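Protein chains in written order, with the working numbering: chain A, 4 to 89; chain B, 8 to 890.
Calculated from the structure, these hints are not laboratory results.
A quick note: this is a predicted structure, and the numbers were derived from the prediction, not measured.
Note that CB positions come from ideal geometry on N, CA and C, so glycine has one too.
Be careful, since some hints might not be right.
Simulated restraints, written as ranges between beta carbons of each label pair [what the hints assert, rightly or not]:
| # | chain 1 | residue 1 | chain 2 | residue 2 | range |
| --- | --- | --- | --- | --- | --- |
| 1 | A | 52 | B | 85 | 23 to 33 Å |
| 2 | B | 634 | A | 49 | 21 to 31 Å |
| 3 | A | 24 | B | 85 | 43 to 53 Å |
| 4 | A | 35 | B | 525 | 35 to 45 Å |
| 5 | A | 52 | B | 860 | 26 to 36 Å |
| 6 | A | 40 | B | 497 | 48 to 58 Å |
| 7 | B | 699 | A | 49 | 49 to 59 Å |
| 8 | B | 810 | A | 24 | 54 to 64 Å |
| 9 | B | 790 | A | 24 | 17 to 27 Å |
| 10 | A | 31 | B | 877 | 32 to 42 Å |
| 11 | B | 525 | A | 40 | 53 to 63 Å |
| 12 | A | 77 | B | 347 | 17 to 27 Å |
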Amino acid sequence: MMMIPCPHCGPRPDTEFRCGGEGAVRPSDPSVTSDIEWTDYLYRRRNSAGLERERWWHEFGCHMWFWITRDRTTHEINSDQQEAMP
Amino acid sequence: MSGFRLATGGRALDRSRPVNASVDGRPLHGFHGDTLASALLASGRTVVGRSFKYHRPRGIIGKGRDEPNALFDIGEGKARSPNVQATMIALAEQLVASSVNAWPSVDFDLGAINGWFARFLPAGFYYKTFLWPRWSLFEPFIRRMAGLGRLGSGEDPERYEVIHRQVDVLVIGAGVHGRSQARCAADEGRSVMLIDDRYPAEAADGVQCLFGTCAFAIHEDGYVLAIEKGRVQWRIRAGRIILATGLSERPLLFPGNDRPGVMLASSVSHHLDEYAVLPGKQILIATNGDQTDDLARQLFEAGHPAVAIVDQQRGEQIVKLCYGRNGITGVRVAAEGRTRHIACDSIAMSGGFTPNVQLLMQAGGKLSPRSSDGALEYGSLPSNIVVAIPPVKSDAAMRPNPVRREKQFVDFQNDVTVADIALAAREGFVSVEHLKRYTTLGMATDQGRTSNVNAIAVMASEIGKSPVDVGTTRYRPPLAPVPFGLLAPARRGLSLAPLRFLPAHEHQVDDGGLFEDFGSWYRPNCFPRAGESPSQAVLREAAMVRAACGVMDASPLGKIEIKGPDAAAFLDRIYLQTMSSLKPGRIRYGLMLNELGVVVDDGVVTRLDEDHFMVGTTSAGIARAMRDIEDWLQGDWPELDVLASNVTTSWGVVTLTGPTAREVLLRIGTDIDLDREAFPHLAYREGRVARWNARVSRVSFTGELSYEIAVPADNVADLWVAARAAGAEPFGLDALGTLRLEKGYLHVGSDTDAATLPGDLGFGAIATRKKVDFIGKRSLFLPDSLRADRFHLVGLEPLGDGVLPIGAQVVPDGPSASRMTSDGFVTSSMMSPALRRGVALALILGGQARLGEIVTLEDLGRRTKARIAPVCAFDVEGQALHV
């Protein structure tokens with residue numbers, strides 16, 4: 004049961020949060036985005052078995068969306084990488 | 008010869024306090040301080056259980072949690088606890104214990120017939136047998152034979168609790184290493200907790216001690232779950248965890264090593280010290296190293312010296328275990344090419360020691376051999392875990408005993424022998440995960456505590472690898488069995504899924520509401536009157552709304568207040584429809600899409616002012632909507648100057664709907680001008696209703712004149728009373744469903760699925776017309792969104808009487824075949840009192856081009872026909888709305 008370091012509230016149990024996955028930058032002008040670029044934005048993620056930057060939402064807390072870097076196999080979180088959105 | 012108690016000694020006993028318990032209906036005598044196991048041994052009862060598959064008689068072999076055989080169901084009826092280890096339970100006056108897996112008794116068990124067929128029941132036999140004519144014929148019989156103990160009948164009467172604790176240092180294991188670690192940490196001024204699943208005589212000062220407590224799970228960031236005395240769940244968050252869980256002894260592998268009378272050497276030593284009990288008078292020590300020298304000395308000093316020590320390391324192998332009616336009589340030992348017989352009545356065996364690393368492995372740790380001497384080191388630890396277990400030599404010392412391998416037991420609980428492991432290797436199941444699943448070793452209640460390492464060593468010698476290369480299976484919590492009730496202590500009955508109640512709940516109960524859980528909101532289906540069935544009530548209520556005025560507590564609908572200079576621009580980006588063109592005091596219906604273009608919610612947007620909007624969502628969709636709104640505002644569009652606030656439960660809503668709704672509202676009393684020109688359909692007004700400030704919207708989900716009156720939630724109950732007094736009649740969700748269905752109004756999630764696009768619902772033109780980008784727009788122009796053969800929402804008119812079943816599939820005409828292509832299915836269906844026939848919506852392939860077509864529907868083998876029609880079946884012009 005991981006402790007997630009919320010930039011606003013400090014480390015809290017992961018049950019207070021919702022994981023937003025790797026996230027992707029929304030194309031600034033979708034009307035000129037190709038089908039491939041758009042579906043990459045929708046679906047394609049690295050999903051590596053190691054360090055990955057992730058977005059988390061403090062659902063049962065301050066409602067802040069923020070980034071952390073987490074190792075998906077050991078669940079170690081690099082808390083000095085956390086920063087608020089964007 | 009069987010077990011007996013020495014006249015003196017026994018550190019744990021209080022001989023001045025005798026205890027009487029009952030085992031299988033027979034009395035059992037012992038002393039205060041005895042465990043059930045020590046009392047059984049002392050009384051000479053050698054056979055305490057029957058093994059799972061072969062029903063071989065088994066005796067007590069271990070101590071503490073390392074006991075695979077002596078399992079008992081403790082208690083009776085509801086309070087029956089299955090599969091409790093006799094070594095873990097204190098002998099108590101009212102204790103009632105029943106043997107498991109034996110009938111009629113452990114001493115005479117009919118299941119022993121399985122043992123006669125042992126040759127046909129090796130590991131994995133059920134993959135090759137019971138196949139003809141059908142496995143399903145045998146399955147119930149085999150399932151009944153599975154398992155050991157029996158669960159109590161009825162609901163678990165135990166009341167479980169949860170306690171949370173944060174602590175600097177958690178020490179697991181209160182042996183000599185654990186206690187010293189705990190004392191050191193306490194001396195450094197840290198908060199320390201020490202737990203052990205036994206009851207050690209010595210506690211540690213300055214340290215919180217939890218005994219009779221088993222730490223069964225370890226998670227990230229120092230989170231440990233433990234069960235105390237079978238009923239309290241401890242959730243401990245520790246800064247540092249010290250594992251001092253000690254070592255467990257392994258059985259030695261020789262033919263007949265599972266016979267009653269064979270015990271682990273450390274258990275013989277423990278029972279002698281603590282309970283003054285020995286398993287026999289002529290004990291043979293069988294070992295594979297010098298770890299049993301202490302026991303030999305101990306037995307000598309107790310006046311019952313061992314008859315011999317047989318040491319595999321010196322090349323001595325037991326080749327046969329001789330036993331008679333009264334138990335073991337002796338062994339045949341082979342050494343230096345000769346065999347000889349040694350008489351004995353019991354055996355103390357030792358295959359070496361294994362560190363108890365279950366928690367370490369759960370946390371991702373590893374065991375690897377040290378290069379200097381091959382001893383196993385603990386590595387790959389998370390930074391907050393320290394291991395305080397002495398390193399042990401790896402199992403290079405194992406010399407396989409080549410004789411009668413089908414009688415050398417590795418897993419005592421699941422009857423897995425050395426021969427079974429060799430069979431697995433022959434059949435190609437050499438990976439340790441395959442070995443486990445094919446033979447079922449390590450899958451019983453002890454999770455391989457006494458068997459895993461021996462099994463790995465056997466497989467290693469079978470395939471010519473080192474045990475470290477064979478590896479271990481993945482360790483998962485729980486380490487020992489825990490009751491389900493412990494894991495969800497407060498979540499029983501109504502607390503399992505807590506309900507949310509409407510603000511006017513009590514009044515609706517008084518009005519006779521029949522309630523149901525709708526997405527955790529407790530809402531009335533209908534309000535049956537005396538003598539009325541629910542379905543009659545629904546028809547009456549729907550007809551009443553179309554003729555007079557109904558009242559409903561509509562408070563659960565999502566309400567989000569949006570404010571700021573960029574509010575209008577923001578809403579344009581998140582809705583299919585354009586909201587920035589909405590005038591203040593006006594309302595517009597909108598669809599929310601996700602980025603795939605799929606319709607995920609619908610509702611109305613109300614413009615209160617230039618920069619102030621109310622967004623309405625479905626009651627089920629509010630959580631998702633808030634999450635996404637926060638996501639977009641914080642992440643994608645931080646430049647927008649707008650705030651969003653979820654006010655769903657701050658405002659309650661009472662809906663008045665029906666042709667006489669205006670008269671009812673006037674009777675309740677309001678200062679809002681309700682004239683048709685002053686307050687038209689899809690308009691919004693603020694003012695006083697009864698004695699409260701209210702936000703009133705003319706929005707309709709029934710197709711009749713409707714006023715949705717929003718007041719602060721605390722006032723809803725009184726407003727309900729006022730509405731009832733003014734002549735409005737209550738109606739429930741089933742009637743609402745009928746009314747909206749007659750009008751063809753959408754219910755997202757029922758009439759749409761995870762692929763439904765706006766165009767499938769008839770909103771395709773809006774997407775192409777709206778110039779500004781919005782969430783999901785780009786996806787509406789992907790090839791899959793533009794193809795012609797999509798499922799469209801259409802209405803269905805049944806050709807006969809009756810109501811189409813929801814989920815009925817549109818099938819090709821002609822005889823029913825076992826494989827048919829479906830052209831869609833019925834999504835919603837009710838009996839319509841207004842139309843006096845069934846009314847339905849369906850998602851049908853290419854439906855928008857098939858209006859008027861007659862289709863065949865099949866549901867559970869029965870067929871009906873229906874005509875594809877527009878979604879709105881009643882008052883197509885909407886005349887009732889524009890009054």
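- Is it true that residue 52 of chain A and residue 860 of chain B lie within 26 to 36 Å of each other by Cβ? violated, 52 Å
- Satisfaction of the hinted span 17 to 27 Å by the C-beta atoms belonging to residue 77 of chain A and residue 347 of chain B: violated, 56 Å
- Query: Between residue 31 of chain A and residue 877 of chain B, does the beta-carbon spacing fit 32 to 42 Å?
  - Reply: For residue 31 of chain A and residue 877 of chain B the Cβ distance comes to about 40 Å; the hint holds.
- Query: If you check the beta carbons of residue 790 of chain B and residue 24 of chain A, does the distance land in 17 to 27 Å?
  - Reply: Given range 17 to 27 Å: holds, Cβ gap about 25 Å.
- Query: Falls inside 43 to 53 Å, the C-beta gap from residue 24 of chain A to residue 85 of chain B?
  - Reply: Distance hint for residue 24 of chain A, residue 85 of chain B holds at roughly 46 Å.
- Consistency of beta-carbon spacing, residue 497 of chain B to residue 40 of chain A, with hint 48 to 58 Å: Hint holds: Cβ distance 49 Å, inside 48 to 58 Å.
- Item | CB-CB spacing for residue 24 of chain A and residue 810 of chain B relative to the 54 to 64 Å hint | With a Cβ separation near 43 Å, residue 810 of chain B and residue 24 of chain A fall outside 54 to 64 Å, so the hint is violated.
- Task: Please test the hint of 21 to 31 Å on the beta carbon pair from residue 634 of chain B and residue 49 of chain A.
- Result: Distance hint for residue 634 of chain B, residue 49 of chain A holds at roughly 23 Å.
- Does the hinted range 53 to 63 Å hold for residue 525 of chain B and residue 40 of chain A at CB? Check failed, 41 Å falls outside 53 to 63 Å.
- Using the C-beta atoms of residue 699 of chain B and residue 49 of chain A, is the stated range 49 to 59 Å upheld? holds, 54 Å
- Cβ distance range 23 to 33 Å for residue 52 of chain A and residue 85 of chain B, holds or violated: Given about 47 Å between the Cβ atoms, the range is violated.
- Within 35 to 45 Å or not, the Cβ separation of residue 35 of chain A and residue 525 of chain B? Since residue 35 of chain A and residue 525 of chain B have Cβ atoms about 44 Å apart, the given range 35 to 45 Å holds.
Violated hints for the displayed structure, listed by number in ascending order: 1, 5, 8, 11 and 12.
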